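Asker: Work the whole structure out from these sequences, hints included.
Each protein sequence line maps, in turn, to chains A and B. Here numbering that gives the first Met the number 0 is used: position 196 in the first sequence is 195, and no number is missing along the way. Here numbering that gives the first Met the number 0 is used: position 153 in the second sequence is 152, and no number is missing along the way.
What the hints contain is simulated information worked out from the structure, not anything from laboratory work. This one's a predicted model, so the numbers in the text were calculated from it and none came from an experiment. Glycine residues also receive a C-beta, built at the ideal position from the N, C-alpha and C atoms. There's no promise every hint is true.
Quick list of the computed label-pair ranges, beta carbon to beta carbon [unchecked claim]:
no.: 1; chain 1: B; residue 1: 132; chain 2: A; residue 2: 184; range: 24 to 30 Å
no.: 2; chain 1: B; residue 1: 96; chain 2: A; residue 2: 164; range: 31 to 37 Å
no.: 3; chain 1: B; residue 1: 196; chain 2: A; residue 2: 169; range: 29 to 35 Å
no.: 4; chain 1: A; residue 1: 81; chain 2: B; residue 2: 184; range: 27 to 33 Å
no.: 5; chain 1: A; residue 1: 101; chain 2: B; residue 2: 25; range: 33 to 39 Å
no.: 6; chain 1: A; residue 1: 73; chain 2: B; residue 2: 74; range: 44 to 50 Å
no.: 7; chain 1: A; residue 1: 169; chain 2: B; residue 2: 163; range: 54 to 60 Å
no.: 8; chain 1: A; residue 1: 62; chain 2: B; residue 2: 163; range: 54 to 60 Å
Now the stretches of chain A that chain B is said to cover, found in silico as 3 or more residues with beta-carbon under 8 Å [to be verified]:
no.: 9; stretch: 31-37
no.: 10; stretch: 41-50
no.: 11; stretch: 58-67
no.: 12; stretch: 118-128
no.: 13; stretch: 133-146
no.: 14; stretch: 165-173
So the chains spell out like this:
There are 2 protein chains.
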Amino acid sequence: MDKPAPADHPIHELIRRRWSPRAFADRPVAPELLRSLFEAARWAASSYNEQPWRYIVAPREDQQTYGKLLDCLVPGNQRWARHAPVLALSVARLRFTHNDRPNRHAWHDVGAASALLALEATARGLAIHQMAGFEAERARQAFGIPQEFDPVAAIALGYPGDPQALPEDLRERELAPRQRRPLAETVFGGRWGEPLALLHLD
Amino acid sequence: MDKPAPADHPIHELIRRRWSPRAFADRPVAPELLRSLFEAARWAASSYNEQPWRYIVAPREDQQTYGKLLDCLVPGNQRWARHAPVLALSVARLRFTHNDRPNRHAWHDVGAASALLALEATARGLAIHQMAGFEAERARQAFGIPQEFDPVAAIALGYPGDPQALPEDLRERELAPRQRRPLAETVFGGRWGEPLALLHLD
Numbered sequence: 000m001d002k003p004a005p006a007d008h009p010i011h012e013l014i015r016r017r018w019s020p021r022a023f024a025d026r027p028v029a030p031e032l033l034r035s036l037f038e039a040a041r042w043a044a045s046s047y048n049e050q051p052w053r054y055i056v057a058p059r060e061d062q063q064t065y066g067k068l069l070d071c072l073v074p075g076n077q078r079w080a081r082h083a084p085v086l087a088l089s090v091a092r093l094r095f096t097h098n099d100r101p102n103r104h105a106w107h108d109v110g111a112a113s114a115l116l117a118l119e120a121t122a123r124g125l126a127i128h129q130m131a132g133f134e135a136e137r138a139r140q141a142f143g144i145p146q147e148f149d150p151v152a153a154i155a156l157g158y159p160g161d162p163q164a165l166p167e168d169l170r171e172r173e174l175a176p177r178q179r180r181p182l183a184e185t186v187f188g189g190r191w192g193e194p195l196a197l198l199h200l201d
Numbered sequence: 000m001d002k003p004a005p006a007d008h009p010i011h012e013l014i015r016r017r018w019s020p021r022a023f024a025d026r027p028v029a030p031e032l033l034r035s036l037f038e039a040a041r042w043a044a045s046s047y048n049e050q051p052w053r054y055i056v057a058p059r060e061d062q063q064t065y066g067k068l069l070d071c072l073v074p075g076n077q078r079w080a081r082h083a084p085v086l087a088l089s090v091a092r093l094r095f096t097h098n099d100r101p102n103r104h105a106w107h108d109v110g111a112a113s114a115l116l117a118l119e120a121t122a123r124g125l126a127i128h129q130m131a132g133f134e135a136e137r138a139r140q141a142f143g144i145p146q147e148f149d150p151v152a153a154i155a156l157g158y159p160g161d162p163q164a165l166p167e168d169l170r171e172r173e174l175a176p177r178q179r180r181p182l183a184e185t186v187f188g189g190r191w192g193e194p195l196a197l198l199h200l201d
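Answerer: See below:
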């Protein structure tokens, strides 16, 4: 299924087509594709080029790791994510390597890296769905994530599947229209809350 | 100037070509292009579809806002960013609108939105350079940013310019090769710090 964004202004096809499905096809993801997805994440911008992102990746073939990661998800996400051929977890290093001071942008830059991962997936007919709903401390224990790192987001990855295969409540959400706040409530000029006049957004 | 990433594995052209220049051409950015850039950011994924991102945007034509934003940058960034035709500031809403609870992924999702902004810019021959080096509290005062929001990153935006126009120290950094940590130190399998075997990354 495709679910292109109903954009108000022209945007690149790759950005328009990215979305977060819950239905995944029963089809494995070739290792060379996975390499390209994480290579895309690798080239994100980051504060001081710290590259605070790390990823734990569990293809279904690695049953033990896949099972451990699935167990970290909240039940509501396990319902659908257990059909994804690959699960992953993004992780942030919280301090700069070069001086051990706190990196204010650690999570921000992990968000950027995962956004590129999502777009590379889109370019290859794949999709990811990131989840806030997982137990971070359980993940830390399960994978021995050191204290200077934070588990950030769980990720389901694979080829989009048939929404009809989902339970009814999830199918409804899968087929619901995509929505975003208007740009006029997001892009301000000199005064907070007032749309940038030059853009004629209101 | 182009500066494509020397990627180890194939990645989409848009991701490969995105980079963060310091030299900007003396050429304004048309309002319809700015609209498309922020429209791209608008369609980022976010936790509970909160869309925690906001942007303050200052095209040079709006001299007062541009000057206020430039004043928030650290001197080392003012040196080059003052030539960009547009300055901006990303801002994160720290709590969920629907229940006022802390949004653990606020900064993460702003990072994702700004990554899409950067790619849409790349697609249109533009570029952005995000900066951690600015005074957040000064920005809060200057623009009346409410306490429930955090100023996140300053942004210089425009058409890439001639590196030869930069002072020598900045020109060297502009022309230096792009570098990233190897994927084997970023993508782990079941054991923290060990590259995912399936990917043959080591």
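Asker: Does the structure break any of the earlier hints, and which numbers would those be?
Answerer: 14
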